[in-house]
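Turn these sequences into a full structure, and let the hints steer you where they fit.
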Amino acid sequence: MMAEKLTIGKALNAGLRRALESDPKVLIMGEDVGKLGGVFRITDGLQKDFGDDRVMDTPLAESGIIGTAIGLAIRGYRPVCEIQFDGFVYPAYDQIVSQVAKMYYRSQGKVKVPMVIRIPFGGGIGAVEHHSESPEAYFAHTAGLKVVACSSPQDAYTMIQQAITSDDPIVFFEPKRRYHEKGEVDPDLTYPLHASRRVRPGTDATVLAYGPMVRTALDAATAAAEDGRELEVFDLRTLSPLDLAPIYESVRRTGRCVMVHEAPSNVGLGAEIAARITEECFYSLEAPVLRVTGYDTPYPAARLEEEFLPDLDRVLDAVDRTFRW
Amino acid sequence: MAKQAAGEPAPDFVQLLTPDGERIERATGADGVEYSVDFTDEEYRGLYRDLVVIRKLDAEATALQRQGELGIWASLLGQEAAQVGSGRALRTQDMAFPTYREHGVLYCRGIDPILPLSLFRGVDQGAWDPNEVRVNMYTIVIGAQTLHATGYAMGITKDGKVGGDDGEAVLCYFGDGATSQGDVNEAFIWASVFHSPIVFFCQNNQYAISEPIEKQTRIPLYRRADGFGFPGLRVDGNDVLATYAVTRTALDNARHGQGPTLIEAYTYRMGAHTTTDDPTRYRIASEVEAWQAKDPIARVRAFVEKQQIADAAFFDEVDEQAKREALHLRERVLAMPDPQPLTLFDNVYPHGSPEIDAQRERFAEYLDSFEGSAH
Ligand SMILES: Cc1ncc(C[n+]2csc(CCOP(=O)(O)OP(=O)(O)O)c2C)c(N)n1
Numbered sequence: 010m011m012a013e014k015l016t017i018g019k020a021l022n023a024g025l026r027r028a029l030e031s032d033p034k035v036l037i038m039g040e041d042v043g044k045l046g047g048v049f050r051i052t053d054g055l056q057k058d059f060g061d062d063r064v065m066d067t068p069l070a071e072s073g074i075i076g077t078a079i080g081l082a083i084r085g086y087r088p089v090c091e092i093q094f095d096g097f098v099y100p101a102y103d104q105i106v107s108q109v110a111k112m113y114y115r116s117q118g119k120v121k122v123p124m125v126i127r128i129p130f131g132g133g134i135g136a137v138e139h140h141s142e143s144p145e146a147y148f149a150h151t152a153g154l155k156v157v158a159c160s161s162p163q164d165a166y167t168m169i170q171q172a173i174t175s176d177d178p179i180v181f182f183e184p185k186r187r188y189h190e191k192g193e194v195d196p197d198l199t200y201p202l203h204a205s206r207r208v209r210p211g212t213d214a215t216v217l218a219y220g221p222m223v224r225t226a227l228d229a230a231t232a233a234a235e236d237g238r239e240l241e242v243f244d245l246r247t248l249s250p251l252d253l254a255p256i257y258e259s260v261r262r263t264g265r266c267v268m269v270h271e272a273p274s275n276v277g278l279g280a281e282i283a284a285r286i287t288e289e290c291f292y293s294l295e296a297p298v299l300r301v302t303g304y305d306t307p308y309p310a311a312r313l314e315e316e317f318l319p320d321l322d323r324v325l326d327a328v329d330r331t332f333r334w
Numbered sequence: 341m342a343k344q345a346a347g348e349p350a351p352d353f354v355q356l357l358t359p360d361g362e363r364i365e366r367a368t369g370a371d372g373v374e375y376s377v378d379f380t381d382e383e384y385r386g387l388y389r390d391l392v393v394i395r396k397l398d399a400e401a402t403a404l405q406r407q408g409e410l411g412i413w414a415s416l417l418g419q420e421a422a423q424v425g426s427g428r429a430l431r432t433q434d435m436a437f438p439t440y441r442e443h444g445v446l447y448c449r450g451i452d453p454i455l456p457l458s459l460f461r462g463v464d465q466g467a468w469d470p471n472e473v474r475v476n477m478y479t480i481v482i483g484a485q486t487l488h489a490t491g492y493a494m495g496i497t498k499d500g501k502v503g504g505d506d507g508e509a510v511l512c513y514f515g516d517g518a519t520s521q522g523d524v525n526e527a528f529i530w531a532s533v534f535h536s537p538i539v540f541f542c543q544n545n546q547y548a549i550s551e552p553i554e555k556q557t558r559i560p561l562y563r564r565a566d567g568f569g570f571p572g573l574r575v576d577g578n579d580v581l582a583t584y585a586v587t588r589t590a591l592d593n594a595r596h597g598q599g600p601t602l603i604e605a606y607t608y609r610m611g612a613h614t615t616t617d618d619p620t621r622y623r624i625a626s627e628v629e630a631w632q633a634k635d636p637i638a639r640v641r642a643f644v645e646k647q648q649i650a651d652a653a654f655f656d657e658v659d660e661q662a663k664r665e666a667l668h669l670r671e672r673v674l675a676m677p678d679p680q681p682l683t684l685f686d687n688v689y690p691h692g693s694p695e696i697d698a699q700r701e702r703f704a705e706y707l708d709s710f711e712g713s714a715h
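Residue numbers (this note's numbering), protein chains in the order written: chain A, 10 to 334; chain B, 341 to 715.
Think of the hints as simulated: they come from the structure by calculation, not from any bench.
Computed from a predicted structure; not experimentally measured.
It is possible that some hints are incorrect.
To be verified - Beyond 10 Å from chain B on every Cβ pair, some chain A residues (computed):
| hint | residue |
| --- | --- |
| 1 | ALA23 |
| 2 | ASP32 |
| 3 | GLY80 |
| 4 | LEU81 |
| 5 | GLY85 |
| 6 | PRO100 |
| 7 | TYR113 |
| 8 | LYS121 |
| 9 | ALA136 |
| 10 | HIS150 |
| 11 | GLY211 |
| 12 | LEU227 |
| 13 | ALA284 |
| 14 | PRO307 |
Unchecked claim - Calculated pairs, DSS-like style, for lysine-lysine (alpha carbon to alpha carbon, straight line, at most 30 Å):
| hint | chain 1 | residue 1 | chain 2 | residue 2 |
| --- | --- | --- | --- | --- |
| 15 | A | LYS44 | B | LYS501 |
| 16 | A | LYS34 | B | LYS501 |
| 17 | A | LYS34 | A | LYS119 |
Note that the Cβ used here is the ideal one computed from N, Cα and C, for glycine as well.
Have a look at this one:
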């Protein structure tokens, strides 16, 4: 396969297809993943080609999806579960944090549950409530789970396959409002799954983002460059475990750091990252690590989400504030 | 149907051995199927032996808890027949998914009784190898394992291991309280629509800690199966013969591709829920006495005595064996070492994690900072 331009959605589909082809134990399960191809069409055409024994429409019960996937994983399968929307993962929360996350530890390594839980997350699509949430901190807080978020077609394609072949149980966040953004995908590229990535070099401040906010951070960097300020942008990619060494290196150079995420700020990932950077880079910092996040409110009605979601201007404003310290 | 109350007689169950030790040749279940067993004298004696030994081991574990050697213990007292009857019905290739009380099932699987004790002592979290012993680890979250069992059974179907005598089946245990959990109901739906080779085995011991069965249901539990589209039946859970007969049939049906069954084993938890519980706060002595008259062991003894298939020497020898095994268990519990501190960080992730590695390193340095430490 040659490198080609794909959307994030199509790249995920291609990655899932390749995973199904290369291992007969890989299964896809979820609501509407079969004929419909999922509400976002990420599994489009997969049931047609792999059969309903491998791409399974399930009853409408999230705890059931995750709980039965655990049994299948114990039996030697590699289930990839689709949770239709972020806000519907909570009925399965118990199975994920109490069972998926702990089987390996509890069994002293004798029971693996090599499964992937795909969650389209984040807002910006004008949806009704429960369709725009960013629940990643709940999972990143739980030992035994690994949590990642893709933000580009290349990562979507590569990371979904890496997650499926991994024996670690992985919560896989997909930036639903970016599903249609296009980019180059090289099918032969290899790189580690749990590594952050510098997506734009810069010298004046470090901006951290993941998932849907990577695009926003890059746009902010483009705008800042017009004003003569060079922002270094990182895509965290892995939310648990965090890969902060390259970020410490960057912050030591720039002396300034802004963390961007859509999730509310209270006890969010930004808080953890700010604390860690403070511990590691204290003498290099010119200003405290600032956070640009969703507010500590429930996700608002669609007509208000523009106010809720961090945008380019809020990122730039935070960068400005780090210069005013 | 009228609501049922704890201790009320349950006429609609399969019984093959009365509390007085009378053998009933055959009995029809609520599923319309006729059940019977055909055991040799040796097998009857074997069942009696199982029941006596696991009761003794259970009593020993309770004593160990009282002496501070176990953090807590969930006793199976009164539920021996339900566990031995169902456990003995398993075939080698089958897989069982237990709760935290199925010590008798483990015993029937030939599993060293020390294994669950490390869980209750706090040495590990019940880390036997389910693939090796073919009983999954104990599950503490009520009902969670019913979904794991169902998924596992779906995997059996995918592997093409149903449809014949050598097929595999899953036996999934849970309590009466668990039937109120969403997961159990979801498991019923999955098992039904995927036609999975699974037997749901509910030990209705009449209480969920202090809550009597009428706090969970207004109809007999086995009738729940109706609404999910598979057969359900109730068995006298204090009758090891009947429990064996219905479980064996249900497992055979499952392995032959006939889908799930719900078995409600109607029984009684004679002791406390766990050693931290005080049952005198929520149940009366006369209720316990009424159930004592239905004791699962006494009736097998009465039967084998009447049939003259066991003599005094046999009973003495079984008691001796039980004592010996209990003593052996006690010695091994007392000798069980605490885990090493750094093992705290073991097995969090199959592929490891740099954060855990860093924390382990820092903890090791911290431990080393104490003089004379040798962790
Ligand atoms: C989800 C959940 N809620 C509460 C508890 C606390 N708890 C432990 S055992 C128990 C009662 C369970 O009763 P039942 O299912 O009838 O099983 P039994 O112990 O009687 O065999 C409760 C409430 C738990 N372990 N899991």
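Taking the hints in turn, this is what the structure says about them:
no.	hint	result
1	ALA23	holds (24 Å)
2	ASP32	holds (14 Å)
3	GLY80	violated (2 Å)
4	LEU81	violated (4 Å)
5	GLY85	violated (7 Å)
6	PRO100	violated (7 Å)
7	TYR113	violated (6 Å)
8	LYS121	violated (6 Å)
9	ALA136	holds (25 Å)
10	HIS150	holds (13 Å)
11	GLY211	holds (25 Å)
12	LEU227	holds (27 Å)
13	ALA284	holds (13 Å)
14	PRO307	holds (23 Å)
15	A/LYS44 with B/LYS501	holds (27 Å)
16	A/LYS34 with B/LYS501	holds (15 Å)
17	A/LYS34 with A/LYS119	holds (19 Å)
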